[in-house]
Amino acid sequence: MGKQSVDEIWASLKSSTMKKASEAMSGVRSAKAGLASGARREGKGDSDDAEGGIGSEASKQGVAEEKSLSELGDLSVEGVMAALRRDVNCLTDANRNTRRTGAERLRRRLLEDDKFAEKAGKAGEGGESLFPSLLTDALLVPMTRLLNDQAEKCREAALLFAKAAAEVLPNTSLLFQRTVPAVKARVGSDQVAEPSEELRLWMIQLLRGEMSKKCDKSHVQAYISEIVAVVVKGLDDPFHEVKKETCRLVEELPGIVANDALLLEHAESIVKGIVRNMAHPHNKVRVLLVSAVDALVGLRPDKSLVEKYVVTILHESMFDKAHQVRERMYDSIAGWLGMVGESSDAGDGPLVPIYAEILLPFYLVGLLDDEPRISESSRLKLESVCKANSEKGCYSQGAGKDGEAPTMAAAAAETLVRQMTTHHLKHITSICKRDLAEWTTNKNLSASRLLHKATEISKSDMEPYLDVVLPILCNAVGNENEDIAQYIVFSTHHIGASCSPDSWVCILLDSLNNPKSSVVQRANALVVLAGLVHGCSLSKKEIKEEMLASLATTLASEEIRGAGHYAINTQLLSVIINLLQAFGEQCRPVSQELYHVLLQLQALRNDEHLQGGAVEVTTKLAQVCGYDCAASFASDHSKDLIHILCGTCNEWTKESPDQFVFAALIFNCSIEVLSGLYEQITKVFASCLQQDRDPHIRLETLKLLDRLLEDQDRNGFVAQHSKAFLAEVLLPPAVWQVGKTAASIRFHAIVAIGTFFRQKLMNSAELAHVLMDDQMQLLPTIHSSLEEDYYADTRLSSCHTLEALLLVIGTKLTNDQKRLVYPELLKRLDDSTDKVRIQACVTLEAFVACLTSDYCETNTGYILKGVLIHMDDTNPAVQEAVCVVVEKLARIKPGVTRGCLHEVRDQHRGVAYIDRVLGMM
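If you read the sequence shown in the numbering used here, its first letter stands for residue 1, the second for the next number, and so on.
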């Protein structure tokens, strides 16, 4: 009998007679339990088809024949296939239970029987395995059809069979070719047909397992499109375990396909799927996604793919909450940075790793990871990568062309890292500029970290890029996120410590002096300037005199010094502190400009912290300039500053910062200095108090005058020029002018005049001459203020001022002057405000003190007549104040007083105060 084909063998088997019933019954008994359990697993979904009776009988007949194939006497292909005939027939049965049972029996008998496997492994021709001859299309075609069966258990049985077959076959090419299209149809089509999560997982595992690894690579490559389709759908699968298994499959694809160029043709679609899933909630999935990307980038895809998709993945992973994801990402980048191509992109330039320009910025950010372990391991890996790249000749001109080891191979790791970073600084700065302008916090944070590490590593190599970097710093330092702003400040420290001041001073001065710069932009520039100067102090760098002079002049300019913005004021103080710390005695030539700024800060209102800080820094500036104290320093600098202020005082407005500098300067000078500068100071006061000046300036100047006259350590500078000071400075603004604003100015002028007399800055003799001078009009001016209609406080202050004047003049007040004074005071006793009435009584006390015993009795009577009527006032405080005046008058003119008291005694409702005065006489 000649050799038969497989189909002929199956035909002859189908026509053969049934085995004996006893053999069938023994098979039924052995398989009964398995069938029952299998039926239970199928559940309701696995009930019989319409033709179930016939199928069920066929199933029973098949079960009856189940026995170990190892017991067959004939282990030829024909013999084994004859024993499996009925099981194979079951695969196409109409009953789902029969189909499932047939697949399970085939797996158990053919693939999972260890005894049979041992014999079949040597039963073929030449001692080869018998399985390749058994697992042919006759069996595989109906079996793989079950992968698309309606019954889940049938599909499950087919998958288990395929997995078991892959393990016993020495070459799985045929199995692969029959299985992959079926798997693709179930889980790789546009609409995934497989509803079972477990079966989808098993299908991915099947592709990742022995079936793909034992298959001829040519066959695998022929089905690359189907595999990629399954991978893409697996990445998007809602079941996280399927995603994870798919990622593992992607990791192993390069080895399975064994054709990098072919796989790269499909890499984009796979990477797209990874990008879509980087936000998955399971961190283990995200870790495996990064690992999958690692495998694909290991194939060295085109840079465009890395820039378009991989960069997006890195952005997603850089700030992942799970440190495992970040750690895996930085491990991958470290490997990618070590990929060196055959030639440099720069032509004749140094050899450069393929993706270094794209990936190095991300890795530098990792050096500042929140997890210390990750940042430290990243640093060590970067040094290791740089050493390895150096040995390959990277970043060395002409290295690697002649096979000689580059000289940089033995250099320190830090130097190699700096060399690599410096080479890509242009790209790094462009990334920082782009990402710091984004609105997302994560991009801002990554860019600030990148800039921090780039400036730290590159050191002075950053100088050529400062024209780009410094504007970036100025824009970003005002970020609302404290971490971002802090990284930017750290960057300024690195630049200041490493780069020459010549490289950055002019750039910042242009920003500060730009008339289009806003207040916020100037404040940010000052923050950067303070950081740069602080960096200079760390490395003891010096600055050229002309640079320092330009810097000090800009700081002292009215636009910067007088901006009046809190942030600018704060940073001005910081800049000066850092200048003194960094350059020390080099600041002597610019001490006047710095002092000008400090005076501006000392004059700030409602900010005691900045005022106190400015005072402390002024003391430090004095020490740097060789002075023992701030007072002596101020004395030497005041003359020049006063001269400058005198030249501009005629142009001051309420926004002019120099008016506040003038105020601060006065209180920094000693009385000796003020005396020497009397003419200049008086000129400023007189100019600011002119009637045509801004009312705000006039009011502020009068307030300053009052403070100065109250200061007993300094007010004595006007003593030698008291008459001129009174005439030129104090009296003009007190002259009556129409309007409410003029009334407010009058009030402050009267207050200042009152302080002038209360501090006794003019003696009685000088005051007597002033009162006799008709041009001075001192008393008429005060009297007009006593009649003030707008403000009661002006009338009250006028009473105080007149009291202080009377206490100074004393008995030198002439009778004519007395006749002018007391009627005005008596009028105030009728004032609508009790405070004014009481103060008028106090002023009358001072007036009585100016009287002598020979004073005119007639005028005394007039005074008493005007006063006594108020001794019967309804306000006890007024009564008491009037009584005190009468008591003092009774001591000087007792006779007149007694007579007047008796005259009014019967007219008063209460006589207690009258009797009190009479009782003391």
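Keep in mind that the hints were calculated from the coordinates and are not lab data. Just so it is clear, CB atoms sit at the ideal spot from N, CA and C, and this is done for glycine as well. Any given hint could turn out to be false.
[Stated by the list, open to error] Ranges between beta-carbon positions, derived for each pair: (1) E265 - E307: 15 to 21 angstroms; (2) E651 - D789: 43 to 49 angstroms; (3) D510 - Q737: 32 to 38 angstroms; (4) K321 - G255: 31 to 37 angstroms; (5) H565 - T648: 34 to 40 angstroms; (6) P372 - G298: 51 to 57 angstroms; (7) D302 - E558: 54 to 60 angstroms; (8) K654 - H769: 33 to 39 angstroms; (9) I644 - D834: 48 to 54 angstroms; (10) K321 - S460: 53 to 59 angstroms; (11) D789 - H902: 36 to 42 angstroms; (12) S76 - A185: 31 to 37 angstroms; (13) N442 - T648: 34 to 40 angstroms.
Going through the hints against the structure:
1. E265 - E307: 15 to 21 angstroms: holds, 18 angstroms
2. E651 - D789: 43 to 49 angstroms: With Cβ atoms ~34 angstroms apart, the hint is violated.
3. D510 - Q737: 32 to 38 angstroms: Violated - the Cβ-Cβ distance for D510 and Q737, about 48 angstroms, lies outside 32 to 38 angstroms.
4. K321 - G255: 31 to 37 angstroms: Hint holds: Cβ distance 32 angstroms, inside 31 to 37 angstroms.
5. H565 - T648: 34 to 40 angstroms: violated, 21 angstroms
6. P372 - G298: 51 to 57 angstroms: This hint is violated: roughly 29 angstroms between Cβ atoms.
7. D302 - E558: 54 to 60 angstroms: Distance hint for D302, E558 holds at roughly 58 angstroms.
8. K654 - H769: 33 to 39 angstroms: Given a distance of about 37 angstroms, which is inside 33 to 39 angstroms, the answer is holds.
9. I644 - D834: 48 to 54 angstroms: holds, 50 angstroms
10. K321 - S460: 53 to 59 angstroms: Given about 38 angstroms between the Cβ atoms, the range is violated.
11. D789 - H902: 36 to 42 angstroms: holds, 38 angstroms
12. S76 - A185: 31 to 37 angstroms: Since the Cβ atoms of S76 and A185 sit about 35 angstroms apart, the hinted range of 31 to 37 angstroms holds.
13. N442 - T648: 34 to 40 angstroms: violated, 50 angstroms
Violated hints, listed in ascending order, are 2, 3, 5, 6, 10 and 13; each of the other numbered hints is respected by the structure.
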